[in-house]
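Top to bottom, those sequences are chains D and A. Position one of the first sequence corresponds to residue 29 (the working numbering), numbered consecutively onward. Position one of the second sequence corresponds to residue 26 (the working numbering), numbered consecutively onward.
Keep in mind the hints are simulated off the structure, nothing from the lab. Any given hint could be a false lead.
What the hints assert, rightly or not - Calculated lysine-lysine pairs in the DSS-like style (CA-CA distance at most 25 angstroms, straight line):
#1 D:302 to A:282
#2 D:435 to D:356
#3 A:282 to D:217
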Amino acid sequence: MNRLTQLTALARNTWRGLTSMRTALALLFLLALGALPGALLPQYSLNAQRVRTYQAQHPTLAPVLDRLGFFEVFASPWFAAIYLLLFVSLVGCVVPRSIDYARQLRRPPVATPRNLGRLPHHAVSESASTPAEVIATARRRLRGWRIAEGEEHGSVRTLSAERGYLREAGNLVFHVALLGLLVSFAIGKLVGYEGQVIVLANGSQFCNSGSLAYDSFRPGRSVDGTALTPFCVQVNGFTPTYQPTGAPQDYRAAITYQAPGDIAPGTWHPYLLKVNDPLRIGGTRVYLLGHGYAPQFTVTFPDGQQRSAVVQWPPVELATMLSEGTTKFDPPGVTDDAARRTGQLAITGLFAPTAAFRGSLLSSAFPDMLDPAVAIDVLKGDLGNNSGRGQSIFSIDQSMVDSGRLKQVARQNLRPGQQLTLPDRTVVHFDGVTRFVSLQVSYDPTQLWVLGFAVLVLGGLGLSLTVKRRRLWVRVTPGELAGTVVELGGLARTEAAGYGEEFEQIAADLLPPGRAQPPVPTVLSKEGR
Amino acid sequence: MPIDPVVEYYSDLAYGTALVLYLLAMVLHAVEYSVTPVPVTTAAGRVAAEGNGAVATLAPPDSTPMRGTPERVGRSAVALTGLAVLVHASSLALRGAAIGRVPWANMYEFTSAICWVAVACWLVALYRQGSAATSLRRLGGFVLLPVVVLMFLGGTVLYARAAPLIPSLNSYWITIHVSAAITATGILLVSGVASALYLVGAPAGSRIAARLPDSTTLDRVAYRTAVVAFPIWTFAIIAGAIWAEAAWGHYWGWDPKETCALVAWVVYAGYLHARATAGWRGSPAAWINVVGFAVMLFNLFFVNIVVAGLHSYAGL
Ligand code: HEM
């Protein structure tokens, strides 16, 4: 045999196999199975911290899972493979079915089978009307059905009718829309981005100038973080409301913003940013995700120079907003690097918006700012910001403490306005607290497409699951002496049963009981295929 | 809006009453089941139904309305279920009145509403069955069993006092998205029970099977309920995505709850496909349906309680 025919046969068989219903089923299950670890295991993209905790807890299993991509299922090659195969299978299934459907629409309904008695629905009766009258009545009764008439020998006339073509149309729309949805989803992931940023609620500004303006930035593959929609947001205040129990009730941030066209003229628009209600600037959205406190400290150095800093201390206990953080200072006016690295200060500790002391241990009794206090350690020495390691603004470099290069010099609880003095006469003053908000900026130009396809998916599904495709045949045979014998047969082409009732209704309309003539109409409905 | 503790108390009272009534109805169904004589022909009918997928309409043995003890007991079980559903509805309505919004913001409220939908769906299915209802009625106890268990868990372990919504849940989308999810889940419960019984009855000639509704009826109930629930579930996921877009900054973030809902959706799509694939009708399809409901339950309990995600519920 010719190699080429062999090859084409192989290709054809592979294609047939891939686009068969069985394969679609298998792929659907693989997809479900493959997505499960994504739901059950911590994922890098959702919470990298929890992945690391999990890895620490399962030192033998975790590396294997990591190799398999189980901590990043939805970006893993094997998940993409399932997704793509399903995609191909879907295309291979939908295209021939659409062509077939288009042909069906042009073809008349199937000719009347020889033996109507073998169909699931069947009825016979004699009528006094002429065959032509019966056919005319049937045509009138079957308005809305596709109808074709036929003739058999012996002046027997037949009628084939079919209805419910929208079912297949709905099914095709459903599957095609599913394709569209998947494609738009993928494109959105490619060209969209998400960034998070913390902004002090004291009139501070955030401008969408580039990825560096963010605290964390997740770009799509084709986003380099330079050509972002330019806009600016200024956060003027943040007001939470709480239940007496401390459960949050409402968060509002009063902001003003500049859309791209406002930046040159310098116009600002006011806006009240709320949870569940983002600010939409063109296709870019700004969300209020969270909030917290930023204590302000002023350090007066022995030489009289002052430095102030406001740094966000992120909440560690969401229910009470007990927060933890670090505020760092460089000694002013010191140019000698070695001297600078012995004189750096870090204020680290806890902040409670409503202080509750157990002994001298600070905790928080309520999330709102009713009676703020900090419990701080002051450390002096080398903060390690020149060590080359990445520095967190939220904590100190513990290795500097361990190696003795950063030493604790004071520990004290302070309320706003209070201060402490270090052995070298440096004064640390707790000035007060500013609130901060955490904002998310999202950009996804295809999301309206996704929505559109989702609506089509739903509409197609609705049609496909409610419309019943059914066929009806009428055979009219002239009686031996007078009148006609009318025979009806019905077949539901789809799963949804319940054709029986409609068939009986049609039979009752088309087969009048006559003048008590035997045989009486018999309606046989075998339900349930 | 402040919570009204008196109204909340009456809601809890109605909840307990409904639970007791469901339990009684379940006991009555069990009695009906045990006093029903084992029909002789059903086993054969089962073989026929299993064998070729097409159906022999063997007249069910009880189609001659023999108004004996089983019939009377069965009817009172259904009547009691009807009463319970009304009491249960008043519990939901009172809870809603006490908090001034739809009462589904925590697992207790969620579970209660799902159970209500399941029982209501069951009664509708029974009603629409018409003349074959006697056979189908024996499914009643098996539908009420998970309902009673879920409501017991809901009233004890999951119970939470009425509370206002946290800011992220405070949106009209909670009415749209969660209502759809609850409705779909409740209907799918009935579907899952029917398929599970189909599988229990699948070994031809088993004594348990002989008293169950015939496999065709079970299969049909399972399919029809799934067909109603599937678009609702699809809508629930889409509505959830729209809400997520407004609340979390993206319509789809592979949050565990979302992912699991999608997995369940895919499994049910598999069920519908299996029903249209030669060689997969009957038991394999029924298995898929049962797995689908297992995923739904898993999503409702395990993912909510054990796997933390953005979908956190007030009070659990
Ligand atoms: C992403 C993957 C797919 C999903 C989620 C999906 C989902 C569905 C759903 C929910 C239905 C039932 C609703 C209806 O009747 O319209 C259905 C029906 C159907 N699907 Fe798919 N499908 C997928 C892929 C495929 C593929 C690859 C094929 C072809 C091999 C296929 C062929 C069919 C057919 C023939 C029906 C009609 C069944 C009937 O008449 O009941 N589907 N699909």
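Could you tell me which of the numbered hints above are not met by this structure, giving the numbers in increasing order? none
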